[in-house]
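**Student:** Okay, here's what each chain looks like letter by letter:
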Amino acid sequence: MIGTTYPHAPGFVAGDRPRIVTSRFEFDDAHTLDRYLATGGYKGLQAALAKSPTEVHDDVKGATVLGRGGAGFPAGVKWGLTPQAVWPRYLVVNGDESEPGTYKDRLLMELDPHQLIEGCLIACYAAGLSQCFLYIRGEMALAQERVATALNEAYAAGYIGKNILGTNFSVDIVLHWGAGAYVVGEETALIESLEGNRGMPRLKPPYFPAAIGLYGKPTIVNNVETLANLPWLMTNGVEAYTAIGTATSPGTRMVAVSGHVKRPGVFEIINGTTTFRDLLYGEEFCGGIRDDNELKAFVPGGGSAPWFVPDQLDLPFENKLVSAAGSMLGSGAVMVMDETTDIPAAALTLTRFYAHESCGKCVPCREGGTWLERIMRRIVDGHGSQRDLDQLIEVGETICPGAFPHAASDRLGLDAVPFPYKMTTICFVGPSAYAPVHSALTLFRDEFEAKLVQRNLIPVSVGGAP
Amino acid sequence: MARLNEANVVYAKEIIGRYPMPRSATIPLLHLAQQQDGYVTNEAIKHIGELVGASSAEVLGTATFYEMFKFEPVGKFVVNICGTMSCALLGAEELLHHAEEALGIKAGSTTPDGMFTLERAECQAACTEAPCLQVNYRYRYRVTPRDLDNLIEDLRSGRLDGEIPSHGTVARVRQHIPSERAVGAVPPDDVKGAPVWMPAPAPAEAQK
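In the order they appear, the protein sequences are chains A and B.
Taken in order, the first sequence gives residues 1 to 466; the numbers are from the numbering used here.
Taken in order, the second sequence gives residues 1 to 208; the numbers are from the numbering used here.
If you are wondering where the hints come from, they were derived from the structure by calculation, not from laboratory data.
Just so you know, these numbers come straight off a predicted model, no measurement behind them.
One or more hints might be untrue.
[Stated by the list, open to error] Distance condition first, Cα-Cα at most 30 Å in a straight line; then the derived DSS-like pairs of lysine-lysine: (1) A:Lys361 - B:Lys46; (2) A:Lys361 - A:Lys422; (3) B:Lys106 - A:Lys451; (4) A:Lys422 - A:Lys320; (5) A:Lys162 - B:Lys192; (6) A:Lys320 - A:Lys204; (7) A:Lys61 - A:Lys51; (8) A:Lys61 - A:Lys162; (9) B:Lys70 - B:Lys46; (10) A:Lys162 - A:Lys43; (11) A:Lys162 - A:Lys51; (12) A:Lys162 - B:Lys13; (13) B:Lys13 - B:Lys70; (14) B:Lys70 - A:Lys361; (15) B:Lys192 - A:Lys61; (16) A:Lys204 - B:Lys192; (17) B:Lys106 - B:Lys70; (18) B:Lys46 - B:Lys13; (19) A:Lys204 - A:Lys361; (20) B:Lys192 - B:Lys13; (21) B:Lys192 - A:Lys51; (22) A:Lys422 - A:Lys204; (23) A:Lys61 - A:Lys43; (24) A:Lys61 - A:Lys320.
All chains, full assembly: derive it from the sequences and hints.
**Tutor:** Quick look at the structure:
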């Protein structure tokens, strides 16, 4: 297999491809200010400060820097959603990476924290954000240490704080850290948590915290990888950025492939053109399915995403195409299942995750997620009935009424139902508990039926008598 | 016991001073309390409430939402074995069972000698390095049952004490904003107008 790995960057595989956010990963001291400055660090900030905030904002809009957190919303457009003449405005950095399968933001924080800091500064300058809160997931001890060290270095060197690089641009970056709750990755829950509350998503509208966010003020919430793109963009310019990838998905993106492949890894891939087949089978990426087994299914965009089967291998990493095919690219996390996988058991690991992580605010998620988990557990343990299969769908339709997205399958003669879905919950945790159940049951119903017991239910069983 | 000690109160006030609203410091202060005592005590909750201007019930309400906070003593080492999909596909269940056998406890409990608490954790963002685990939030990757046996032995003997601090300490490096460089936090409603580096609003906007 082709590609270079480094002991200090577990999982990362470098290749002969454009590198925007991982350009320093080869250095084991990339997290230090010295190495950062020696490799073009803080040049993007200087380039930005030489322009007006509006010009920098226009560059980010012109480059169509897509959000890397999950929704894929263009960062430049998001910054423009703040109401006019309302101040102060805040930046909250979402470093609460915890979507199942996702492993990229942690690497960016551990290996190149100054790049993230520089990205924060550029965003604050362009959008007039007067304070930045860098929220790192509580369980990431090393990321917290590396970012804290980098912040201390950058303050001392004059890159953060009052009158940055001798200009009138002044901003504080405050390191904040969480304490273990997946739902806090949702941007309004992140803000609640940052205000010192239970991390429950806020009722919508307003749909974006850009209108009403932290302390009721306009707030931009950006993902770590999104911000990490900005120094390169400012240093090299919009044309160089959009020359990589496609018009609708420019630049690169980080993707983690895990599960049953020969070489699981984190890759910076070209956006928009790289296909799932390239990624799973390419010699410069994962090099094929383990033991040369057959591919059974894969999750294309984090645990929340409906599943794909081999029929979808030739789709590229392009939001619109993947949506039309019935799923989403989400957070750049691909989880691969080979022919030996017990599909209902695999789906259960995800449903259990979302049921566990429900914050309890919306009833369909709080109750429905738990129901789904218990029914799935019963089926996997060999106590399920035909009625349970119907009940999975019934519970799912309470969370997501109407047709739920799924992939096409030649084997089953199924056409795709495109993304997105309708939902009765505030955030995506509830639907995410259902997504793996729905995908598994739609694409592999035979595996569920093979596990059912052919007898009458014991009347006390959870879920009621038939 | 266990209000925040003098040194921690000094640091707590430094943390509080960074935020426009003191209550934003609640979670960092809960971590500080847990670092001091290994878990979050009732007295610490009351003390944090006094520091950030919230009731004990409000601080407890926040604290109980987050899994990292413990409200009774746990082991010196909290071993979190990930069981979500990527790890499960590569043997996490078997690893957890092995850990239960090796430590003689079920997941969710603590060994009688107070050395280990074993937990079945959810995704830890190391999916390509499955199956993975954390000991006091320090990673171990691609862990085999044999690796786990060795790890337990190393932890028991104290060989890893330099690398892995006792439960409660997460990051060992703290942010310190030098006062001469700090912009300073301003209560949100005290901010009037755009930051100085922003261009003057267009006439149409100024009239609004």
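**Student:** Run every hint past the structure and note whether it holds.
**Tutor:** Now for the hints, and whether the structure bears them out:
no.	hint	in the structure
1	A:Lys361 - B:Lys46	holds, 26 Å
2	A:Lys361 - A:Lys422	holds, 18 Å
3	B:Lys106 - A:Lys451	holds, 28 Å
4	A:Lys422 - A:Lys320	holds, 18 Å
5	A:Lys162 - B:Lys192	holds, 18 Å
6	A:Lys320 - A:Lys204	holds, 25 Å
7	A:Lys61 - A:Lys51	holds, 15 Å
8	A:Lys61 - A:Lys162	holds, 27 Å
9	B:Lys70 - B:Lys46	holds, 16 Å
10	A:Lys162 - A:Lys43	holds, 19 Å
11	A:Lys162 - A:Lys51	holds, 19 Å
12	A:Lys162 - B:Lys13	holds, 21 Å
13	B:Lys13 - B:Lys70	holds, 23 Å
14	B:Lys70 - A:Lys361	holds, 22 Å
15	B:Lys192 - A:Lys61	holds, 27 Å
16	A:Lys204 - B:Lys192	holds, 27 Å
17	B:Lys106 - B:Lys70	holds, 18 Å
18	B:Lys46 - B:Lys13	holds, 16 Å
19	A:Lys204 - A:Lys361	holds, 13 Å
20	B:Lys192 - B:Lys13	holds, 26 Å
21	B:Lys192 - A:Lys51	holds, 25 Å
22	A:Lys422 - A:Lys204	holds, 15 Å
23	A:Lys61 - A:Lys43	holds, 20 Å
24	A:Lys61 - A:Lys320	holds, 19 Å
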